[in-house]
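Please arrange chain S on chain V, whose structure you already have, making use of the hints.
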Amino acid sequence: MNSSRPLRRLVSRLLLLVVLMFAFGFALVPLYTVMCKAFGINGKTGDQYQGSQVIDESRKVRVQFLSTNSADMVWGFYPKAQELDVHPGAVNQMLFVAQNPTDKPMTAQAVPSISPGTAAVYFHKTECFCFTQQVLQPGERIEMPVRFIVDRALPEDVKHLTLAYTLFDITARQPPTVHVAKNGG
Amino acid sequence: MSAVIDNPGHADHAHGPAKGLMRWVLTTNHKDIGTLYLWFSFCMFLLGGSFAMVIRAELFQPGLQIVEPAFFNQMTTMHGLVMVFGAVMPAFVGLANWMIPLMIGAPDMALPRMNNFSFWLLPAAFLLLVSTLFSPGGGPNFGWTFYAPLSTTYAPESVTFFIFAIHLMGISSIMGAINVVATILNLRAPGMTLMKMPLFVWTWLITAFLLIAVMPVLAGCVTMMLMDIHFGTSFFSAAGGGDPVLFQHVFWFFGHPEVYIMILPAFGAVSSIIPAFSRKPLFGYTSMVYATASIAFLSFIVWAHHMFVVGIPLVGELFFMYATMLIAVPTGVKVFNWVSTMWQGSLTFETPMLFAVAFVILFTIGGFSGLMLAIAPADFQYQDTYFVVAHFHYVLVPGAIFGIFASAYYWLPKWTGHMYDETLGKLHFWLSFVGMNMAFFPMHFVGLAGMPRRVPDYNLQFADFNMISSIGAFTFGATQIFFLFIVIKTIRGGPPAPAKPWDGADGLEWSVPSPAPYHTFTTPPELEPAVEHASERS
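Heads up: the protein sequence lines correspond to chains V and S, in order. Here numbering that gives the first Met the number 0 is used: the first residue of the first sequence is 0, the next is one more, and so on. Here numbering that gives the first Met the number 0 is used: the first residue of the second sequence is 0, the next is one more, and so on.
Just chain V, same shape as in the assembly:
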């Protein structure tokens, strides 16, 4: 009774559907990343920006800098200034300070985020310490640069951007090597 061919065909098709949907669950991961990049949502900023732009002197945008430590992260971590007024198109730089107060070498990764999230596609980083990891020896203190351009195409109604970094301790995942910490890059 159970070995009829239509039944077998149906069950194998349903099992195939199960496998496909399991794969689809994982496919959501790259799909989500692509969507976030394409629509500039979630405040995720892009990779290193290679282009350059003409400065728009007629307009000013206020960029505010925030630094947050994730839970369990003990480093000192702060920007050297609270905010900058910048012209769209111009290359600007801000320095962030990081200091390792412990007696062990540690590795950190900073993850940037832009608010409002929809403005993330108009915020280009030509250089950022978030592109690499930072290894700090006990007590070491560094200044890390971020260089950025606010796109001329930034919508008129956006007058204020917030660039927030969260610093994560990834020592367990990437044990610090002996070589000297790489500043910025």
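No lab work stands behind these hints: they were computed from the structure. Note that CB positions come from ideal geometry on N, CA and C, so glycine has one too. One or more hints might be untrue.
Among the chain V residues that face chain S by a calculated CB cut under 8 Å, a handful are [what the hints assert, rightly or not]: (1) L13; (2) L15; (3) L16; (4) F21; (5) P29; (6) Y31; (7) V33; (8) C129; (9) T161.
DEER-style ranges, computed between Cβ atoms [to be verified]: (10) V:T125 with S:G231: 28 to 38 Å; (11) V:R58 with S:V66: 53 to 63 Å; (12) V:K158 with S:V338: 51 to 61 Å; (13) S:D463 with V:R172: 49 to 59 Å; (14) V:T32 with S:D383: 20 to 30 Å; (15) V:Q49 with S:G231: 54 to 64 Å; (16) S:Y153 with V:Q81: 27 to 37 Å; (17) S:A448 with V:R172: 38 to 48 Å; (18) V:A163 with S:G136: 28 to 38 Å.
Frame of chain V, contents of chain S only:
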């Protein structure tokens, strides 16, 4: 009953069940497995209910009286998990096992051995899940939605057990769903065309496809958690380039169809019960089928309405808001059809009908609060308040649970061969009805006033409403012990039930004697015109 044809090893009549405990362990009989599912789900209902009692006892008064906040969090989490995966879903699978073969004239489920396996995975899964409560560090405490990073970076050690339990439940549900689809598509009696199937069979067919589509996504979701926790990946960890918001997308891609998985079979059962006690054919059978299919389709494109506050762009908020509101249209069609079925019918209010009518009214209230929550700007205020708790308890308790109670009373004579005690059944209904409304209606008010969900303590201004809620919840909880008594009383005795105890009932399941013999429809039944739905008349 004619002789067994495809079973030459057994002489001339259908043989009964095996003796002893091993009957239940080894059974491949759809009625036995249905019974196992139903008892299991009732045990889980009482267990999840006892967790709810702990929650309501703690919330009886403001301040911390009975349990530690950490344990309170485990209670809210386990209450949700046990009720969703342990009580509601297995109850519907149990009903499907019992009733679908009887309704379509099939001798058994299409894959009886897999049926046995999919049931026995469940006790293993829940043993694993409940055992975490006794582990050092406690059980899952991150809410039944287990958002990362609460369930990954900050989870108790026992989270791995939780993940494996979810895997087992998922495998069980998927196998159950494959079995239902295979049974419905392959084993219908000759002449039982798709559009002649009872709506319970239709809604289960659609539910089964939903299960097959989304349970693997849930499995993928917990697998990603497992990998994040133990294998150093960063699906949901921002430190490694992942994103916690991704978790919510994956989870709710499963989670929203899941809420329809818990309600569609109840729609189907109520669509059998209301016509029976209205003594009229169901109004708008065809539109019911299409409405169910539309709800199932829409459930895949509304998931982000659970996440309006995570910062999705305006276009997304608008899309998910309108798509969600669109679901009100097919749901409205269904409510309209149920009411039209009752219109000018010769109504009587036996216990199944009482539960079914309460289902229609109270589920609609839950639907309306759902519409309020669907309004994105309003949701910014309602998010994570008791208003949400009120909403989903109004769709799940008088929706799913009342649907199960209605089904149980409706088919108990067929299962046991005895009529239940009508007076006690009505008492059960009224106590449940009053208790349930008392427990959940005040939650609307405290929610709108800003009381957050999943808190063990609250502001003094919410005290009175919470006390009323707790009294209602205790009433509802105690009443279910009474239900257990009614069911046991019916199994042990009572007036013998005729083959068709409800004079307005329609369907093949009433053509076999009560209690249903161990083997039914070993030769396909002849479909009489009376069995067909008079849908075109409406």
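Consistency of the hints with the structure:
no.	hint	in the structure
1	L13	holds, 5 Å
2	L15	violated, 10 Å
3	L16	holds, 6 Å
4	F21	holds, 4 Å
5	P29	violated, 10 Å
6	Y31	holds, 5 Å
7	V33	violated, 12 Å
8	C129	violated, 10 Å
9	T161	violated, 13 Å
10	V:T125 with S:G231: 28 to 38 Å	holds, 31 Å
11	V:R58 with S:V66: 53 to 63 Å	holds, 58 Å
12	V:K158 with S:V338: 51 to 61 Å	holds, 54 Å
13	S:D463 with V:R172: 49 to 59 Å	holds, 51 Å
14	V:T32 with S:D383: 20 to 30 Å	holds, 27 Å
15	V:Q49 with S:G231: 54 to 64 Å	violated, 32 Å
16	S:Y153 with V:Q81: 27 to 37 Å	holds, 30 Å
17	S:A448 with V:R172: 38 to 48 Å	holds, 45 Å
18	V:A163 with S:G136: 28 to 38 Å	holds, 32 Å
Hint violations for this structure: numbers 2, 5, 7, 8, 9, 15, all remaining hints satisfied.
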